[in-house]
Amino acid sequence: MSFVDIVQILDSTIRLATPLLLACLAGLFSERAGVFDIGLEGKMLVAAFFSAAVAAVTGQVWVGLLAGVGAAMVFALIHGLASITFRGDQLISGVAINFLAAGMTVLIAQDWFAQGSRTPALSGDARFSSIDLPFAEALSGVPYLGPIYAEALSGHTILVYIALLAVPATWYILFRTRFGLRLRAVGENPGAVDTAGVSVTRLRYAAVMICGLLTGLAGAYLATGLAAGFTKDMTAGRGFIALAALIFAKWRPWHALGACLLFGFLQAVSNRYSTLDFGIVQIPNAFVLALPYILTVVILAGFVGKAIPPRAGGQPYVKER
Amino acid sequence: MDKLPRWADIALVPFINLALALIVSGLVVALIGQDPFEALAIMVNGAVGSSYGWGYTLYYATNFVFTGLAVAVAFHASLFNIGGEGQAQLGALGVALVCLAVPWPHWTLALPVAILGGALFGAAWAAIPAYLQARRGSHIVITTIMFNFIASALLVYLLISALKAPGMAPETVRFPEGARLPTALEVFGAIGIPFSRTPLNVSFIVALIACWGVWVLIWRTRLGYEIRAFGRSEPAARYAGISPFRITMLAMLISGGLAGLMAVNAVMGEQERLIQDNVLGAGFVGIAVALMGRSHPVGVLLAAILFGALYQGGAELEFETSVPREMVVVIQALVILFTGALDGMVRSPLERVFLTFRKQPKPGLAPETRP
Amino acid sequence: EPGLIIDLGGKFDKSFNESAFTGAQRWVEETGGDYMETELASEAQREQTMRRMAERGANPVMVLGFANASTLETVAPDYPDTTFVIVDAVVDQPNVQSVVFAEHEGSYLAGMMAAMASETDTVSFVGGMDVPLIRKFACGYAQGAKAVNPDIEVISNMTGTTPSAWNDPVKGGELTRSQVSQGSDVVYAAAGGTGTGVLQAAADEGIMAIGVDSNQNYMHPGTMLTSMVKRVDNAVYDAFEAAQNGNLETGLQEKNLSNDGVVVAMDEFNADLVTEEMTAAVEQAKADIVSGEIQVHDYSSDDSCPALDF
Amino acid sequence: MTEPAIELKGISKSFGQVQANRNISIRVMPGTIHGIIGENGAGKSTLMSILYGFYKADSGDVFIRGTRTEIPDSQAAIAAGIGMVFQHFKLVQNFTVLENIVLGAEEGPLLRSSLARARKLLKQLSDEYELHVDPDARIEDLGVGMQQRVEILKALYRRADILILDEPTGVLTPAEADHLFRILQGLKREGKTVILITHKLREIMEVTDTVSVMRRGEMEATVNTAETSPEELAELMVGRKVLLRVDKAPATPGDVVLEVENLSVRDDAGVERLRGVSLRVRRGEILGLAGVAGNGQSELLEVLGGMREGRGRVTMNGTALDLTGARSDARTRRQRGIAHVPEDRQREGLIMEFHAWENAGFGYHDDPRFNRGLLMDNEALREDARAKIARFDIRPTDPWLTAKSFSGGNQQKLVIARELEREPDLLLIGQPTRGVDIGAIEFIHEQIVALRDRGKAILLVSVELDEIMALSDRIAVMFDGRIMGERTPGETNEGELGLLMAGITETDRDHSVAEIEANLARRAGKTA
Ligand SMILES: Nc1ncnc2c1ncn2[C@@H]1O[C@H](COP(=O)(O)OP(=O)(O)OP(=O)(O)O)[C@@H](O)[C@H]1O
Ligand SMILES: Nc1ncnc2c1ncn2[C@@H]1O[C@H](COP(=O)(O)OP(=O)(O)OP(=O)(O)O)[C@@H](O)[C@H]1O
Ligand SMILES: [Mg+2]
Ligand SMILES: [Mg+2]
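Chains as they are written, first to last, in the working numbering: chain A, 1 to 321; chain B, 1 to 371; chain C, 1 to 310; chain D, 1 to 528.
Just chain A, with the same shape it has in the complex (with noise of 0.2 Å):
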């Protein structure tokens, strides 16, 4: 494997990272406000329809995105009212959201467009276009960074930078925010928040609808900026990768930027090499594709570490018994 060859995955890397780490953030907003989101993967795929049915449609990527943030956050309020007002499990309700989304994304698209189940491809201003980073061309030259930077992190979409960004501003909303030591702690203890004189069902709405923009970002950038155009379930289990990010990452921003970036590593890799070939062992392409799903299984099994998820995630708050 040469320095190129190295250069090139790490650009995939990033790419191939971007859904899965706006997904998982959007993810962590959720949880670490006690709300439990399998729904994840249903929320990207209504957002990657919508971001590229309205592109497609307005001719605008903005007008896109903004439809597909818009989607992805009349879901997360479905799944607000299941699991916050109505106290419903939050489980099936991120798992009759999935199946929602992917019934109704096809139905759509088949409505309004009649080319099965995909939109017309973007092209042009419909589709976000990469765009260089500052001195990309004239750091290029320099040893080994400088190829790094001006291939590997120069020159993706906008949304990819919005990503990245996205983490540190996580960390700062979640700890150095009164908004992030709310949502904080009534995913630890309701009970604190709301004898404290503050809203628990305000705050959890308020992380549930944030998860849904930050998926909205996620299914937008898979369809409108990864790809050109939406395709039936084109999320292809990312909101599950997503998923077990977070739980890799246990619940916190900077781990979940590794935690993406190991796993859209992993894709990358495994989209190069059918097969893994380490001399005396050779790895199977399925089992690079799975290693994903393995190492949070291994995670929750506590042999890594153990994940401690939010202590009041997964439960309605009842005031009274």
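Keep in mind the hints are simulated off the structure, nothing from the lab.
Careful: at least some of the hints might be erroneous.
[Unchecked claim] One side only, chain B facing chain C, incomplete, derived with CB under 10 Å:
1) Ile16
2) Asp277
3) Phe319
The beta-carbon is built from N, C-alpha and C at its ideal position, and this holds for glycine as well.
Assemble chains B, C and D with the ligands onto chain A, guided by the hints.
Okay, now just chains B, C and D with the ligands, sitting in the frame of chain A:
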């Protein structure tokens, strides 16, 4: 005292939930420019209007009975097994290995062994998440999701390597003739009743037996009693000397085994070879079926037939109109949403209604009755 | 009334299925006839879909793609009065017509054009699912490229080993970018729906691309060198037509360069990229292949390729 | 005349069928410490939660410093200057002290300035009131005493001048409790008003100015502490009820059935709940275990019943019981002849959604009588249930009803019928008559005595002193995970037991409070 009378709990609430799901589905159909009533007519006719429709409806229902029972048994132990998909995949592997390992002379010999193979493999796939939940406190929902993905990766790997048949497709060779299960066409044909050629096969009987078996297990055996007790209250189970570890393991093994049995119908009964995408989402449909069937085998059977009809009707709908088959997925999602997650939306107003019809509580019950 | 079962990927995959769909549409337009059409939803429903078509009285029933072979093998005998047509695979049943294409020949021409257009002396290939059929494309392509330039480097990647490899544009794009980084400046996509990602990435990266099955030149004018068109549309049209006239033959139908079953597309979208020199070379090679002067090796004949290692 | 700091008028609150508060009125003067005492479930916590806006009262008014105030939520209570330290702390375990303190009382959208200001104020407060805590420590690393200080600081940080503490000493060591009281005295000197809920009479006598006694959701009396005595309070608290007369012959104790030596238990949070308990129960006698809830009685029953692991030595009829591992479970205990009526029948003793007949065999469902091979003999179970229903006069008599559709008393009879019918060598029985009416109480008591007279050993745990007095042949009093002493009913009275339950022994009474404190502290050793 129950807030709702029993009939309301087991019939009225699910009925309202289902009605809401169907109303919203109808709106969706209308939104994409089709007449919902016409669509309904096509679906009903396609699903139960002919022996062909019935054959497919019941064939799908057979799959859903197994996965629905799997979810239901776990629900009784208050475990949410969403790994039915992966367990069924592994069950398929077990069934395929059984069918391919021996040149079976007759299906009557192959079937019991295949049942065993499917159940064992499915159970084995459920065992790890169960152990992790019982001993290490890892959330079973997350681990079973992960195991779904790992199962499909494993199957892909085997189908492109060790098990691959010559040719291009990632599938095994066809099972031997002796492992073919008789279909409804043959069974009814033998007694002179005409029936369409459908994949409905003797596995349907196995599914009915499984329903009965689960009923016996849950309501007639000591283990079932313990599963139900554990599911209702873990402290009470501990008080009664019921081991949480043992029940978690056994309930999940049975659940996984049932999910694995689905392969007897789908893989042995229809596909007759192991292919990659053999479960067709039935593992997830099982969740909707168990929720709707209130985790009772009879309810599961009825809900499975309903979903079987939905699947078959949906296929016909796609054939006849431009409504894609995904309509069924939407209906399924809405059923899960309304019967599962939004249950409280229907239940609490209903409870209030019933409460106002009931006489007010005697004033100051517990405290005053003492000297 | 004929019936057509669109395979996984859908009739708007811009590629294989779309080609078949176009053929059926052309037949409708020209004859005013009617046909039944349905789209396969999943691998496991092949049998149900085939049977439903047959039960509904469709004749012939046309299925697309090699993945249908083993299913058709069991279904066809149950409907002796129905004729089935399968594309891309051979099913040996009395009521089945098997249509196969000489993809290696068309790919050979595409390879020649790629080699002539390449400035980096590196061209590449992105396949869909790794099956002999797709290796047949790659092998023909490599032979054509090497015929023009024996020193040329041909990079080949397959998207995957399962049917999902036909529908993974994101991965197709990633593979293309990786090939670009290895120097390729012409990429040939034989990957069904995955191909859209390949062509898109090629356009984004500013290299040339070669489409497959349908004429995909219009998708990215300016970067599409050509398309290796497999006239599946003709196969469908012919089958429907023959059935209408009551003279549909069963058995093997070979479509190759000589009967225009495979062609490299030349139109206004790629006119700027195709030099006269290229046209001449292609015409010459085509004539030589038809005449037997040039023997293009068919990978699937012995599972080996003289020009490319997999 | 000064306005009362707090005045409640006619507060009522019910939870479904349970009337937790009934027409309660109370006045608390500013600058005083006001105690509230009452048995478990008397409604103390509910009343204070209403005052703090955590629950909404069904009816009644709240006056704060003379003005009628609506308290729809905790925000309003905080604004009115009320702070509350809940019985179960409302702290975020993985937050630091500082973060917990500013939570909900931040100054602006960013934390930095809030935290800095809180740190300063915290230092000031802790100097002022001797409330020293490390502001950067995580709650989960702190002992309960420290956590409580954080709760108090939380209230003070919000400028509370009325502070409510719900059973603050339940989890404290005597030394910590003593420290707490010094803090409370300090607050009082500052002119703040303190409401202190407790079960411990000693504490009431020591720190409060006035005291209210609640009983069964109602306010019994409010008196000046100086004008009352522990004995009087105990009587008010327990109620002037006719002492239940249980006809029983003197005990004829036989061999030792249960012998417990040096038994210790930690709860799930790692807190030591039993600290070296030793006791014996003989054939034909009832050993009553008195004590305020939360002093280790529950844990003792749970260990003996096989629901919890422990350390020490327990023998049953001379052979040792496993206290850890697979054979320390409830099934094995039953096989060894131990029956158990758990304290919480709804959470443990019954499956509320099960039919009565299913519950009637619960725990004995593997008995060969109820099984035929792999299957359960449901007919046999139902037959057995019908017999029990008839014999124990359980109403309604339909075995097909679910447990939750029976009244509390009948639920209890069902459990007792199940456990007594086995003729166990040892019966563990917790709160046998909690929430049960007089008729049922008598019946249940008769059954317990009859079992004793059949030569069985009985270990009775109850928070009802008169029940202990009426039934027991010997009485042991538990306090803080230890046995404080043993008495026989004939030689003691409720007053003496009440004092023992509050952690005061005979010898303590002659000494000054300070000496008692020291004594207690020594006995408690270094805990926390
Ligand atoms: N936990 C509960 N959930 C629902 N309903 C209950 C519950 N407890 C009691 N009830 C209902 O309230 C009614 C009165 O119950 P309660 O225990 O107060 O009766 P009671 O008059 O004290 O009878 P008993 O003398 O048997 O204790 C019961 O008949 C039952 O229907
Ligand atoms: N949230 C609730 N839902 C239903 N019932 C409740 C609730 N909170 C309290 N109760 C019931 O109200 C009654 C009074 O409870 P409360 O907690 O006020 O008693 P308490 O005097 O504080 O007792 P303890 O000394 O045990 O703390 C009890 O019967 C209790 O079971
Ligand atoms: Mg209380
Ligand atoms: Mg009662």
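Hints and how they fare:
| no. | hint | result |
| --- | --- | --- |
| 1 | Ile16 | violated (31 Å) |
| 2 | Asp277 | holds (4 Å) |
| 3 | Phe319 | holds (6 Å) |
The structure is inconsistent with hint 1 alone, although it conforms to all the rest.
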